[in-house]
Amino acid sequence: MINCWEIGKIAAAFFAAFLVIFTGQKIVHISPNNSYLEGDEVGYKLPVDLAATGKSSKHNALSISAGLDFMKIATLMQTASVDSGASVFKKCGACHTPEQGAKNGMGPNLWNIVNRDIGSIEGFKYSDAILGKRGNWTYEKLALFLHKPKKWLKGTKMAFGGLRREQDIASVLIYLRSLSDSPAPLPAVQ
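Each residue of the sequence shown is one higher than the one before, starting from 1 at the first, in the working numbering.
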């Protein structure tokens, strides 16, 4: 049987936990200058000298800053196989459908994804993050998203952690390229 002292101890424990959580949260979020919240950018961008990296001027500096060498992936794509990409894609198949005309899963259907407008499948409920992206799914954007989805697209609903191996990314890109009646040309390699 629980007496009133036990009930008091339980109530005090809940109150103490509540106090620690919310007081700690307030202390952590104290900032003497919140001007960056009003649009100022925190930090600074490091210039990327493409000539020093050996990349062509057409190469997007975004992939270099993301820790991904897209030119290496583009080179690997030249010899990657669709079968290898299909094997790696099984991780994606839990949420995405690759077949033409197939219904969306938890993620959108990926038929004809290469060079398709980002966030353009009608009837699919995209996150605000993806709806805020402009342009189309180039090989490089797909590679960045496959590598680290949450880093490339902050706020994405996609739970997948990403592919670490450049060979796996290249193989999946070749597989995604094959999901089309007229596959996009491979990226140029210098």
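No lab work stands behind these hints: they were computed from the structure. A couple of the hints might just be wrong.
With a straight-line cut-off of 30 Å between C-alpha atoms, the simulated DSSO-like cross-links for lysine-lysine are [said to hold, decoys possible]:
(1) K9 to K90
(2) K90 to K151
(3) K91 to K72
(4) K72 to K103
(5) K72 to K9
(6) K154 to K90
(7) K125 to K151
(8) K103 to K91
(9) K9 to K91
(10) K157 to K72
(11) K103 to K9
(12) K90 to K157
(13) K125 to K72
(14) K103 to K148
(15) K91 to K154
(16) K133 to K157
Estimated spans, in silico, between C-beta atoms of each pair [claimed, not checked]:
(17) P183 to K148: 42 to 50 Å
(18) F14 to A184: 23 to 31 Å
(19) K72 to F18: 25 to 33 Å
Glycine residues also receive a C-beta, built at the ideal position from the N, C-alpha and C atoms.
Hint-by-hint comparison with the structure:
At roughly 52 Å between alpha-carbon atoms, K9 and K90 are farther apart than 30 Å, so this suggested pair is violated. Restraint check: the Cα-Cα separation between K90 and K151 comes to about 22 Å, which is no more than 30 Å; the hinted pair holds. A C-alpha spacing of about 23 Å is found between K91 and K72, which places the hinted pair at or below 30 Å, so the restraint holds. In summary, the hint linking K72 to K103 is not supported, as the alpha carbons are separated by about 34 Å, beyond the 30 Å threshold.
Using a Cα cut-off of 30 Å, the hinted pair K72 and K9 is violated, with the two alpha carbons roughly 62 Å apart. For the given pair, K154 sits about 24 Å from K90 by alpha-carbon distance, which is consistent with the 30 Å threshold. Taking the CA atoms of K125 and K151, the gap is near 21 Å; set against the 30 Å cutoff, the hint holds. Note on K103 and K91: the hinted pairing holds, with a Cα-Cα distance of about 18 Å set against a maximum of 30 Å.
Annotation: proposed proximity of K9 to K91 is violated, straight-line Cα distance about 48 Å (limit 30 Å). For a cut-off of 30 Å, the pair hint linking K157 to K72 stands: about 28 Å separates their Cα positions. For the hint linking K103 to K9, the alpha-carbon distance of about 54 Å lies beyond 30 Å, and the restraint is violated. Between K90 and K157 the CA atoms are separated by roughly 19 Å; this keeps the pair inside 30 Å, and the hint holds.
A C-alpha spacing of about 34 Å is found between K125 and K72, which places the hinted pair above 30 Å, so the restraint is violated. Note on K103 and K148: the hinted pairing holds, with a Cα-Cα distance of about 25 Å set against a maximum of 30 Å. For the proposed pair K91 and K154, the alpha carbon gap of about 21 Å is at most 30 Å, so the pair holds. Restraint check for K133 and K157: satisfied, since their Cα atoms lie roughly 14 Å apart, inside the 30 Å limit.
For the pair P183 and K148, the beta carbons lie near 25 Å from each other, so the given range of 42 to 50 Å is not met. The hinted window of 23 to 31 Å between F14 and A184 is violated, with their beta carbons roughly 58 Å apart. K72 and F18 have their C-beta atoms about 51 Å apart, which leaves the hinted 25 to 33 Å range violated.
Against the hints set out earlier in the document, violations occur for numbers 1, 4, 5, 9, 11, 13, 17, 18, 19.
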